[in-house]
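Asker: Residue strings, one per chain:
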Amino acid sequence: MSEKKRRLKLSIPEQEVMRPGNLACQGCGASLAMRYALKALGNNVILDLPACCWSVIDGPFPYSSVGVPLLHMAFETAASTASGIRAALKVLGKEDTKVVAWAGDGGTFDIGFQALSGAAERNEDIIYVCYDNEAYMNTGIQRSAATPYGAWTTTTPVKHFKKLPKKNIVEILAAHRIPYIANLNVAYPEDFIKKFQKAMSIKGMKFLHIFSPCPPGWKMKPDDTIKVARLAVQTRTFPLYEVEDGLKYTLNVKVNKPKPVIEYLRLQGRFKHLTEEQVSTIQKNVDEEWALLMKKIDKE
Amino acid sequence: MKKVLMGNHAISIGATLSRVQVIAAYPITPQTQVVEKLSEIVANGELDAEFIKVESEHSAMAASIGAAAAGARAFTATSAQGLLLMHEVLHWASRARLPIVMANINRALAPGWTIWTDQNDSLSQRDTGWIQLYASDNQEVLDSLIIAYKVAEQLSLPVMVILDAFVLSHTYEPVEVPEQSEVDKFLPPFNPEWKLDVNNPHAFGGLTAPNIYMEFQYNHHNAMLKAKELINKEGEAFGKIFGRTYGNIDKYKTDDADYILLTSGTLARTSNIVVDSYREKGIKLGNLRVRTFRPFPTEEIYDALKKAKKVFVVDRNLSYGHSGIFFEETKASLYNSDLDIPIFGFVTGLGGRDVTPELITEIVEHGIKSEKPENDVIWMGVQK
Amino acid sequence: MFKPGKKINFNSAKDLPPTPASVGDMTHNFTGSWRNLRPIIDYEKCIDCMICWKFCPEPAIFIEKERPKIDYYFCKGCGICVTECPVKCIAFEEEGK
Ligand SMILES: Cc1ncc(C[n+]2csc(CCOP(=O)(O)OP(=O)(O)O)c2C)c(N)n1
Ligand code: SF4
Ligand code: SF4
Ligand SMILES: [Mg+2]
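Residue numbers (the working numbering), protein chains in the order written: chain W, 1 to 300; chain L, 1 to 384; chain U, 1 to 97.
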């Protein structure tokens, strides 16, 4: 083996801005998401962070793991705080510094939604990131508007698992006609980083929605994080697409031969209780949503 | 230059002269002219600032926090329901030790819907860790904003400048508008040591364990105590340049007074008229206006009251099930002193009911006649 | 590779910044102690595709002389690298064995 020619070609940037030693659980998708994001963002960025798992992951005073300036803030303020930081940088002549709001699904779909919609309507020049682990994980796995149909959480116990669909946050943001919206997934780092880079090159409001598995919250093995995230795409549960100016839809990862959704569900204890019939309901929903999306995708 | 200004415009001009850099505000009666005027000033390029037209007061304060944390001088203004909506992030601003200055126009709370003045909105924010200054005329409103930044930025503490709805916000009064160059000499640019800085990255406000949380509160409290000195010091320094001096308290004929009214806001101006009429009758009445409510100027209040026989606190606010709030605070802060005089607590003027010289006279008469207060709340002007 | 950091202690209110502000990173926190299973790369079989490096959330895999190297100070033992390795060259062995 030693004679093998080693010319490393890395598909994502080698630089690490995020530091290890952080407090994320084993196999945390949110931790990996931040690592990728900072690879793309580099050091000329300011983060603001509402209450979420990342408030803990980053580490307690007097430490931090992100390696860039970060402002911890109240749960519902990711977008409004970022707007304030952006305005300050503008008057202070530091327009090249990027401002990133980094929130969970609870902070985005639910409690922080008003501020997010406000910032989107004002077309603030910020990158709003939602790492979506489909529940309130920081407080111990309670349902959010991002929790999908069928999932167990502590507030949607097996007997009363969530019977409502996941809020379609991308469509809601698209209705704001902001310059850039994209779905990202930790199992697709190249696409992930490309989308961050694209967001950085665009002025105005950007919304990046990251599929981010949570092993304890989803009752799955930590080593399955990437597998599950990949299956979310391969089963068409979480399509990787982007929306420009609220109108131009592009599918970034084609899924010509989708795997059955059960393959995705099976690896996660939060779906364990589902009957065959319920699984086929989910399959049907996935197929319908995909068909709807395909109608919007630009076919050049 | 002398101008005739409504309180809301005095606020806008005070903020402009302070060269605020980020404004994030949301309209609410009786504050709307503040946002309107500032929008105009920024749009005309008279002030090099960003105005974020946020979608709520909660976002106004959150944006102010973001802006101040990034090193910009931040300003907002609100009233009543708007201030209450901010409550969570008011705590955040002060604990983050950000020198944000805000004007709050005292408006009573709903229900029933009301737009008229009382102090329950701002006094409900008593423990948010903000400095609170209550102004009694439009000149003071303008001047206080400038002084507020000077104090705030030295102590890393936010300041609320408070004025009465309509009685000041919409009433035109002659106001001396200082020269920008003079204000610039008094108030240097904001340049905080700790800020969001890509060349010197820190994470602010992370998880803080019981072994060290309390030390931050200790420092915050001490900074508040220091504010007592600094408000007087900067109020005097301001006076040297502009000829108008301000402090934590404002004494009107209290030095030899047997009876002292203790008031705040515009009630103090009505009370001064009553003081004069009693003085004409040979009765030694005085009026102590408390301008700084947080930090509470206990020592100065003690000094002002120590020779009096009785004190009549007039509260345009109420802590339900207890008493008027200035009364409660005054009484409590003097409890361990050697002062043993009756302190009367009158509650009046809620929801903008007029407080006339006649009503203040009734208060004084009631106090002089009674040996001791019969109750912690003596209602005045209520139709029982 | 990240150098193991030091703990920072504040014992007096006088030394504190005005608000809780970080002055160091978490590299004093050896999350390697969380591990039950230890990933071990068989460099004979490793094809240097760097997929393990790519997917490690910490980051606890770094590149040394163009090869992946696991930093056991920080590797939490999640097993993602073990599962994702395309040639299955990362063994997962019980700690302390
Ligand atoms: C106003 C307010 N309500 C409730 C909370 C408690 N809280 C903190 S984090 C959190 C859930 C966060 O969920 P999400 O945004 O999805 O992030 P995650 O923890 O899943 O990463 C809740 C409910 C809070 N901090 N503030
Ligand atoms: S609970 Fe889930 S999201 Fe939170 S740190 Fe753990 S794995 Fe990550
Ligand atoms: S086991 Fe997990 S933490 Fe350890 S090196 Fe592999 S991917 Fe990284
Ligand atoms: Mg979540």
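No lab work stands behind these hints, which were simulated from the structure alone. Where hints are given, some of them may not hold.
What the hints assert, rightly or not - Once the Cα atoms are required to be at most 27 Å apart in a straight line, the calculated BS3-like pairs of lysine-lysine come out as: (1) W:K90 to L:K37; (2) W:K257 to U:K69; (3) L:K253 to L:K185; (4) W:K203 to L:K53; (5) W:K219 to U:K45; (6) U:K7 to W:K227; (7) U:K45 to U:K69.
Asker: Hints first: check each against the structure and report whether it holds.
Answerer: So, going through the hints one by one against the coordinates:
Simply put, K90 of chain W and K37 of chain L have alpha-carbon atoms about 22 Å apart, close enough for the 27 Å limit, and the pair holds. Only pairs whose Cα atoms come within 27 Å are accepted, and K257 of chain W paired with K69 of chain U is rejected, the gap being roughly 36 Å. Proximity of K253 of chain L to K185 of chain L is assessed by CA-CA distance (about 33 Å); at most 27 Å being required, the pair is judged violated. In summary, the hint linking K203 of chain W to K53 of chain L is supported, as the alpha carbons are separated by about 19 Å, within the 27 Å threshold.
Taking the CA atoms of K219 of chain W and K45 of chain U, the gap is near 32 Å; set against the 27 Å cutoff, the hint is violated. Note on K7 of chain U and K227 of chain W: the hinted pairing is violated, with a Cα-Cα distance of about 36 Å set against a maximum of 27 Å. Distance hint between K45 of chain U and K69 of chain U is fulfilled; the C-alpha atoms sit about 14 Å from each other, no more than 27 Å.
The structure shown violates the earlier hints numbered 2, 3, 5 and 6.
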